[in-house]
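A.B. asks: Protein chains in written order, with the numbering used here: chain A, 1 to 651; chain B, 1001 to 1352; chain C, 2001 to 2249.
Quick caveat, the hints were computed from the structure, so don't treat them as lab data.
Some chain C residues close to chain B (C-beta under 7 Å, calculated; not the full set): (1) L2034; (2) Y2035; (3) P2036; (4) Y2038; (5) V2040; (6) P2041; (7) R2042; (8) A2043.
Here are the computed lysine-lysine pairs in the DSS-like style, where the Cα-Cα straight-line distance is at most 30 Å: (9) A/K130 x A/K609; (10) C/K2037 x A/K630; (11) C/K2110 x A/K130; (12) C/K2105 x A/K609; (13) C/K2108 x A/K602; (14) B/K1059 x B/K1083; (15) A/K483 x B/K1291; (16) B/K1291 x A/K528; (17) C/K2124 x A/K223; (18) B/K1136 x A/K517; (19) A/K630 x A/K609.
Using N, Cα and C, we set each Cβ at its ideal position, and we do this for glycine too.
The chain contents come next:
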Amino acid sequence: MTSQFAGELCTLLVDDNFGELFARIFSTLVRYDRLSLARLKFYSRLSNAQLRHGLAAMIQQHLVFHYTSYDDGVTYYEPNMQSAYYLIRSGKILEFIEERLGKYAATVMSTIMFLGHAQVAYLETIPELKNSDPDVNGPNEDNEEYQEFGEQNGPKEHEADERYQEPKDELNGLNGDQSSIGNLALLHPTLKALAGHGYISRVRDAQFQSYADNVLDSERTLKARPDIKALKGKKLEEAVVEGTLNLLKERLDGDLTRGLVFNGIPRGAKRRHTSASEAPNKKERLDYAAVDEDDVEEENEWSDDEFGEDTVPMESGITVRINYEKLDVALRNRRFLELAERDSSSVTAEVYECLLRRIEYQTMKCRDTTEIPREGEEGEQYSVPISLRAVVEEIDPLLDLAGSIGPMEVSQPISRRGKRPLDDSMNGVGHEGTNGEQSEGNRTYEVDQHLCLLAQPPYNLTSKRIVSGLITWTVEFRHLARKLRHLELERIIEARYGDVALRVVRVLHEKGKLDEKRLQEISLLPFKDLRQVLASMQAGGFVDLQEVPRDAQRQPSRTIFLWFYDPDRVCNSILEDTYKAMSRCLQRLRFERSRLKEFLEKTERSDVKGNEERYLSEAELALLEQWRAKEALLLGEVARLDDMVAVMRDY
Amino acid sequence: MASAGASVTQLASKLYEHCLNNFPLDQLFYQQDLLGLGIVPKSDIALLLKCTQSLVDQKLFRLLQGKNERLAWKIISREDAEKLQNLSPDESLVYNVIHSTGRSGIWVRAIGNRTGLHKSILDRCLKSLEGKNYIKSVHNVKFPSRKMYMLAGLAPSEDVTGGAWFTDGVLDENFINTVAGYIEYTVSRKSWFEVPSADAQRNKRIKTSDGSAAVKQEPGQKSYIPFPAGFRGYPTVAMLTGAVNESGITPVRLGEESIVQLLDMLCYDNKLVALNNGEMYRSVKNPEAVKQSQSRKSAGEDTGIDDRLVTNGMTEAPCGHCPVFKLCAPGGAVSPENCEYFDPWLEKALGF
Amino acid sequence: MSRFGAKKGRKLPGAEFTWDNDPSGEADTAPTPLYPKYTVPRARALTTREQTQVDLYRALRERFHDGPYYSVLDPGSSAKKAGEKVKASRVHFDPFHGMPSYSGKYQKKKRGIPRLLGRPYVMKYFPRDDLWGVIQPSYKPGTAVDGYVARMARPTFKRGFEEDEEEEEEDLGKRRKTGDEDDEGVDNDDLLEGEEEQDEEEIIDDDFSEDDDEMGGDYNAEQYFDGGDDEYGDDGFGDGGGGGDEDTY
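The whole structure should be built from the sequences, with the hints applied where relevant.
C.D. replies: This is the structure:
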C-alpha cells in the first residue's frame, strides 16, 4: 500500500474527512515516509502550532504512526495508510453494524470512529449515546431489519418491554442518577455485544507504531533476552523469527471477545429470525427456548439473546477502537453470500448466511499472512467447522426449506406435473402448521441438503467434514477469496474485450501457456477474432506472450510463441488502477463541489441547515437534491471500487 | 531359368494370396515373418527376395524400411495394384510418397523433396494423378496457405481439418453456435426442476436474505428450482451426442469427442458446469433464462452491459475504459477537473 | 458475422487495428485529441443498501467536519516569508465577500487548528516530548499535574531489554541535550503555547454547544500565525519540534 496512487487516494480521504491541515501533514508524510517534527515542519511549511495540534489529533485518529527512537530520543512520524484508507469503508461498516446489531450499535460505532479511540468511561458521557430521544430508535419500528430494537422499545411488545425495564432498575441501584440513564442502559450491553463480536478491540501501545517498527522493537527485545543470547547461528535466527511473531501478536493483540462468547455465539448476537414474520411471537419464543435449552444446558444464564440479562458493565478503563481486521472478515462473508445469491435460491442463500455467521464469530481475520500469497503458492485454509446442528439452530424456524430443492429421482422433470409427497403436506396447511409438524431430524436433513448444494462446483462455497462422527460444515477461505479475485478480473476483461476474450482468458488460466493453434482448438474461435482479441488484451496488459526460440538465431519463424495469463500480475496493476480511479472520482467530486461552492455554503449555513424548506427556493431545493444525488453516485462509485480493492488486497 | 522364373512367379503369387487372406492390409512383414509362413522352401532367403521383388514390381507389395533399417513389406490390394501398374514410374513414386503420409496429407514441396523430382515433372504427375482421381488436394487448418495432397479415398484426419467444427479448414462459427446453443438449452432443461404451477405461488413467501434480492419469479412465469446435490439425472456426453445427432441441426454425424470440445467451450463461457470430471453437465441458467438470452443474442439487441452480471466498480466508472486514463493527473492536460467523460457519465446514471 | 461481442454500439474486439476504425475518427496524421470520443459506461443506480452506506459515510463525514479536528489551511498562513509584515488579511481581502454581512454570521466557520481540549486523552498513546504539551497544556515535564499524567510521565513503552536505571539515565541525558540545542525555539513555542491556551479556553466556554458560530466568531485563525509565524515563523527549521517542552529544565 505504498504506491503513488494509494498515497494520493489516502490523502484525498483524509482531506475529505478532516480538512486541509490533516491532508497537508499526511501528504508530506506520504512523500517522505518518516520524518521528525523538525523535518516535517520544514517540508510541510506549517507552523509549530498547526503541526503539533494536527499531529496530536491525527494520532488520536490513528492516521499517523509515531516512534520515539531509543538512540537519540527523537520522535519520528509516519503515515498510517491503512487507517486512512479505511475511512472510505466507514459507511459500509456502519451499515453492516446497523443491520447486524441495530441502529444504536451503529451509533456507538460511529461515535468511536468519530473519536478515533475512546475510553469506555468517556463514551458514557457522550450526549449522542445517552440520548433517550425516540429518534434514535423510533424509525426502526417501521423497518423489519431493525425489528430487534423495535421489539425493545416498541409499544406493541409487552413482554419485551418488561425485559427492558429490568436492567434499568438494577442500574438505578448502581448510580441512582435518573437523568443520565436514558439509553445509557443500552451502552454497556451494546459495547459488550460489539466487543463479543470482535467489531471493537482494545487499544494497545504498539498499535501506534508502524508494523516495521514493532518488528524491530520485538526483535531487539528478544535478542536482549539471556536465553536467546545463548543461542547461535541458525538456531538463533529461528528463535528470533518465531519469538518476534509471538511477541508481536501479544503486543498488538486487542482481542476483547474473551469471556463474551458462549458456545460459539457472542454476547448480544441476534438471530435474524425474530423479525419479519407474521407468526405469533409467543410461539416463536417457545421454539427458541426449546432449541436453546437442550443445547446450552449449563450456561443457561447466557442463553438469552437479549441485552437485558447482562448487567455487568464494561470495564470503564478500557480504551476501545474499531477492529477493521474483524470487520473485513464480516464484509468478506457478505461477498461470499452474494456469490451464493447469484446462482442459488434465496432459501439456500439464507442457510449459507447462517453458516457464515457462525463462522464469522470464530474468525479473527481474513488471513494469516500480511500479503496475499502468489497464485499456486497459497495453501488451503479452512474455517472452523460448524456443526450442522448449530447451523440448524441459527436458521429461522419458519423458513421453508423443502420447497426450493427438487426431487432426487425424476426421469423427465419437464413433463412431470404431479406433486411430490412433501408438497402435499405443505399445501393448504399454513406455515405455522408445517413448522409444528416437521420433525427436527427432517429439518436437519434439509439444511444439510442446502449446504450440499452450495458445496457443488463451480464455486464450492462450502465443504463438508465429518468430525468425530458429527457432520460439520466449513468454508475454504483462500479458495473463495481467489475466486472473488478472479471474478473481478474476469468482469473487467469481459466488459473491455467482450465474451470472446473472457473465454480465451479462462482457457489460458486453466491450461497454462498455450500456442495459438492449441488455443484455437480449445476456444473454438476463428483465427482472426482470436488474434485480435489476444493482441488487444496484450496491449491492455491482461495476457502476455512468451517467446521460446528453437535455435540460437531466434528467428521468428523458428520461434514458438506461447500465450499466458498471470492473474497475480494483472491483479496488481488493476489494484493500482482502482486506487487511481477512486482518486479521480473523489477529485471530480471536489471539483463538482467547487462549482457549486456558493450555493452549498448557503445550504450549510446554520440557519438554513435543517430548515431547507423554509429558506430555499423551489429551484434551490431541486438543485440541492440533484447535488446530493450526484455526490451519492460518486461516493457510491468509490465504494464499489473499494469493494474491488477489498477483494484484491484485503480478502 | 525360365522354370525358375515361373516358379518364382508362382511362389510369389502364392505368398501374396496367403498374406492377403490371413493378414490385414497394413500388416508389416519382415523377412523372418515371410519365411515363417513356410511358403518359401528351406527358408531360402535369396528365393524369398526374388519373390518379393517380383511382387513389388507387380505393385502387389510395397517395399518399406522397418525398424533398425531392416527391409519390410506391406501388401497392396489388387485394385490399388491395378492403379499403380498403370502409372508411370514418376507418378508411381509420387503416389507412394503421398500414400505414405496417410490421412495427414503432404505438402507439395515436401513431395518434391522426398522424390527429388523437378517441379514441372512433379506438377504433371500430380495433375495426372488427380485427373485419375487417385489423389485429392486438401486444406489444412494449420497451414492454410500450403497446397497439400492425400489419397482420394481417405478422409482427412482431425489434425488437418481441425475436427468437426471446421469446414474447408475454416472454423464454422455459425455451426458451432447453433450446436452450442442447442446443447445449452438441452442441458438446462435437464438441470432444473420445474415447479408445478400450483406450488409456484409459494416461492413468493420465501424470505429474502437482505431485502435487496427480491423474489425472482413473476406470476405466470415458470419457476425452476435446482435438484439436490448428488442428483444423477444430469445429461452425459453420450446422451448429448445422441440428442444433437437426432436433432437434425447437424448435416454430419458428430462424434463424442467433438461434443466434448463444445461442452468444454461452454464451460469456459460459464454456461455449463462439468460435474464429476465431465461425467455429467449442469447448466448455470434455467431453461427460461437460456431461451431469453439466446433470443436476445440472435436479435442482436444491445441490452449491453446493463444486463450482464459483469459489472463492478471498474467496469462502470468512467475511468474504467477511459482511453486517456494513463495520462490523467490532477492539474495536467488531462485531469479529473476538466475531464469530459464525467458529465455524460453522471447524466447517464442520474438522468439530469 | 461474429456472435461474440458483436453488439451494437460496441466495437468488435480488435476492431481498433483497422485504420478505418480509428477511435478518434480522424486521419492518422491529425493530432490526437485530448479526450478521444468514447462511450462512457452506464453506472447502475445505487441499491438501497449502497444508498444507506453512502448516507452513513456522509453523516460521519459531517460529524468530522463539525467536530473539533476539522481544519483548513489559511492561504496566508504558511507560505509567508520572515520580515514580510503585510497583513495577510489585507492582501487577500475579497471586496465582495470579505465584508461582514448579515448572512455571514450563519456561515459555517472554519478552524485553522484542531481544537484538542474538551475531551480526555490517554496520554501514553502520544509521544511525550513532542505532543504532551498540546494535549494537556498544564503538563510540565517532570511535574505531577494530576495523578494520571504524573504516572505516565515516564517513557511509555516498556523496553524489555533495558534496565530501568539505564532508561532513566538515558532519558535525562537526552533531555539535557535537546534542551540545550533548542534554546532558540523555546521562547517561540512558549509564546505560541500561551496563545493557544488562551484561545482554547475561550472556546471551552461553549463546549458541547451545537452551534458553532459564536465560538467560531471569536476564533481567528489568523491570530495564530500573526503571533507565531510573522515574528518567529522562519526562525530556522533547526529547532527541535519538541524543544518547547523542555523549557523547565
